[in-house]
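Trainee: Letter by letter, the chains look like this.
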Amino acid sequence: MSIVTMFEYDFMVNAFEAATIVAVAASLVGYFLVLRGQTFAGHALSHVGFAGATGAVLAGVSPLLGLLVATVLAGAGMGFLGERFQHRDVAIGIVLAMSLGCGLLFLHFFTAYATQATALLFGNVLGVDAPTVLALLALGILIIAALAFISRPLLFATLQPELAEAKGVSLRRLSMLFLVIVALATAASVQIVGILLVFTLMVAPAAAAQRVTIKLWPGLLLSVGLALVEAWLGLTLAYYSDWPTSFWITAIGAAIYMLALSISRQKHVSEYRHEHHHHDEDQVWRPAMTGSREPKRLSARGEEITARARPISSSSHEH
Amino acid sequence: MEALAFSDVTLELGGRAILSRVSFAIEEGEFVGLLGPNGAGKTTLLRALLGLVPATTGNIRVFAGPPGAADASLGYMPQTRSSSVGSRLSGWDFVACAANGQRFGLPILDKALRFDVDRAIALVDAADLSRRPLIELSGGERQRLLLAQALLGKPRLLLLDEPLISLDLHHQKSIVSLVSELNRELKLTVLFSAHEINPLIGVIDRVLYLGNRQAAIGTAEEVITSPVLSRLYGTEIDVVRVQGRVFVMAGAYEIERDEHRHDV
Ligand SMILES: Nc1ncnc2c1ncn2[C@@H]1O[C@H](COP(=O)(O)OP(=O)(O)OP(=O)(O)O)[C@@H](O)[C@H]1O
Ligand SMILES: [Mg+2]
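Residue numbers (the numbering used here), protein chains in the order written: chain W, 12 to 330; chain E, 37 to 300.
Heads up, a few of these hints could be off.
Now the in silico label distances, taken between C-beta atoms and shown as ranges [unchecked claim]:
#1 W:Lys-278 x E:Arg-150: 54 to 62 Å
#2 W:Gly-93 x E:Arg-167: 29 to 37 Å
#3 W:Ser-273 x E:Gln-115: 37 to 45 Å
#4 W:Arg-99 x E:Ser-262: 15 to 23 Å
#5 E:Ile-144 x W:Ser-73: 34 to 42 Å
#6 E:Gly-51 x W:Gly-236: 47 to 55 Å
#7 E:Val-278 x W:Gln-277: 53 to 61 Å
#8 E:Thr-92 x W:Pro-142: 54 to 62 Å
#9 W:Arg-99 x E:Leu-49: 17 to 25 Å
#10 W:Ala-70 x E:Leu-49: 56 to 64 Å
#11 E:Glu-172 x W:Phe-160: 29 to 37 Å
Below 30 Å or equal to it, Euclidean Cα-Cα: the simulated DSBU-like pairs (lysine-lysine) are [to be verified]:
#12 W:Lys-278 x W:Lys-226
#13 W:Lys-226 x E:Lys-190
#14 E:Lys-190 x E:Lys-223
#15 W:Lys-226 x E:Lys-147
#16 E:Lys-190 x E:Lys-147
#17 E:Lys-223 x E:Lys-147
Calculated directly from the structure, the hints in this document are not laboratory data.
Idealized CB from N, CA, C, for every residue including glycine.
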């Protein structure tokens, strides 16, 4: 059996295309989700989607539409309620549980949809047809374009909200926009791994990437790379093992994260030795010169100023 | 020329007056220490200068314009600094996020902006820190990066909210002398809030003291006196000067003191 035989089947080609699109979009969104510490809020969004999708089935419309509407509304609402709510784990957890409960109630009225429910909850990437791939492509492009548009102020607002606000960034509007983008990425991810496992595609690669590199762009690219490995390897293993794709994707996601943890720990040890070496120099830092174009240090003048200030401000500090 | 001016300004938060009909002006190039007890309104005053808290009476001018209009010429170091503590991004990326961070688009910096980030980091001598993840830095180390952020884009007015908090004496002095140097070399106007006057004595031109919804401005000798502070604290205050150091006392209790004195 060669790898080529896998692509002789249309459903495998569709699955690979769909997984690729979703992996790229979800891992980019996930990078910011992890950076903002909102992974739990993201997790809850997908559960709200479950109620939306099952409710849509009950109402006789497409579950994907219901999923999209529910997650987008919940995302915008969460963004509107602000930072405080987004970090209130209990409130979010209750919304999450209630959404699953509502979804269950909706399913109760439609027992015939048991297989559809499993697909919603755990994904059915091998069942993705060509039109769905196109829809995912459009959704993926929308997600990436929107994220690219807001990424700069989003990063600013994430790392330095007070300063961003002072520079005219509307924190609430940005938070709403971002969570709507998360909602779209969630809806796309559900097609691959299902509502319960969105976390693995959105959070695992991003969190692993942030463990391995502390630089922004390498981190973003690594996050995408890891998500692709997760998706492609997961599909391949599922094809040859006949176990569910979602199982493999979650298993690889967990393995990648653990690997990243051990790499970061090792790096930490070697970096610590390095830092320790320079510690003395680090402690005695001095103000540097201003004005000139080349950034350079000015110890002589710094010295002079410190010397002038010393007798006045520290006389009682001398022991 | 005046860098900023309050005339008859009232600031309210949640319907409560924090400052009531306050007037003062700060000249360009001045280094002013902003003092006052907890909750006196130091942060609120700085936020008002940024246009984040509206004046309910009177008006505020920053470089002859309304607050918020001169954002590009303002460098601001906020007091609340908990949000990014857990971030695994590098110190460099942290400083860089503020370089024109309000613009939409990708977070890609052109050469001039990257140079500006390097310059600001070099000014606070944080090149080593900029290569480490934020999560591993101590409070004082993070503080230096925050100061670097405030220096991005060559501001004319620096608003520094408690830059000395959680610093040991050595680093306090370094920050104060760095800011004082920036003030003189680059003719930067500085408004520097602090809990205690002593680290600033000898380097600041004037003191802006807040308390009891009022403000007093003048040299340290004029403002840090028993009658002025008694009015601002609303209780009997004694000021004791020993070898150039100032102790602000209410009865036998010293109310304005350096929190880190015993850490040294
Ligand atoms: N959103 C708010 N609504 C109502 N009151 C507020 C609000 N935010 C702050 N305050 C109050 O405004 C007053 C001034 O606060 P501010 O933060 O300006 O004081 P500060 O001088 O900076 O104090 P500190 O030395 O503790 O930093 C405080 O009494 C505070 O409780
Ligand atoms: Mg304050």
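Trainee: Would you mind marking each hint as holding or not holding in the structure?
Mentor: Okay, the hints, checked on the actual structure:
1. About 25 Å separates the C-beta atoms of Lys-278 of chain W and Arg-150 of chain E, a value inconsistent with the hinted range of 54 to 62 Å.
2. A C-beta distance of roughly 34 Å is found between Gly-93 of chain W and Arg-167 of chain E, which places it inside the suggested range of 29 to 37 Å.
3. For the pair Ser-273 of chain W and Gln-115 of chain E, the beta carbons lie near 38 Å from each other, so the given range of 37 to 45 Å is met.
4. The given range of 15 to 23 Å is broken by Arg-99 of chain W and Ser-262 of chain E, whose C-beta atoms sit roughly 48 Å from each other.
5. As the Cβ distance of Ile-144 of chain E to Ser-73 of chain W is approximately 38 Å, the hint placing it in 34 to 42 Å holds.
6. Checked against the hint of 47 to 55 Å, the C-beta distance between Gly-51 of chain E and Gly-236 of chain W comes to roughly 53 Å, which is consistent with it.
7. Distance hint check: the CB atoms of Val-278 of chain E and Gln-277 of chain W are about 54 Å apart, consistent with the given range 53 to 61 Å.
8. Between Thr-92 of chain E and Pro-142 of chain W, the C-beta spacing of about 58 Å keeps the proposed range 54 to 62 Å intact.
9. The hinted window of 17 to 25 Å between Arg-99 of chain W and Leu-49 of chain E holds, with their beta carbons roughly 23 Å apart.
10. Taking 56 to 64 Å as the suggested C-beta distance range, the pair Ala-70 of chain W and Leu-49 of chain E does not conform, at roughly 46 Å.
11. The hinted range of 29 to 37 Å is satisfied by Glu-172 of chain E and Phe-160 of chain W, whose Cβ atoms lie roughly 32 Å apart.
12. Between the alpha carbons of Lys-278 of chain W and Lys-226 of chain W the distance comes to roughly 15 Å, so the proposed pair stays at or under 30 Å and holds.
13. Pair hint Lys-226 of chain W plus Lys-190 of chain E holds up; C-alpha atoms about 25 Å apart against a cutoff of 30 Å.
14. The hinted pair formed by Lys-190 of chain E and Lys-223 of chain E meets the criterion: a straight-line CA distance of about 11 Å does not exceed 30 Å.
15. For the given pair, Lys-226 of chain W sits about 17 Å from Lys-147 of chain E by alpha-carbon distance, which is consistent with the 30 Å threshold.
16. This hinted pair checks out: Lys-190 of chain E and Lys-147 of chain E have alpha carbons roughly 16 Å apart, not beyond 30 Å.
17. Using a Cα cut-off of 30 Å, the hinted pair Lys-223 of chain E and Lys-147 of chain E holds, with the two alpha carbons roughly 26 Å apart.
Hint compliance for this structure: hints 1, 4 and 10 are not met, and every other hint is.
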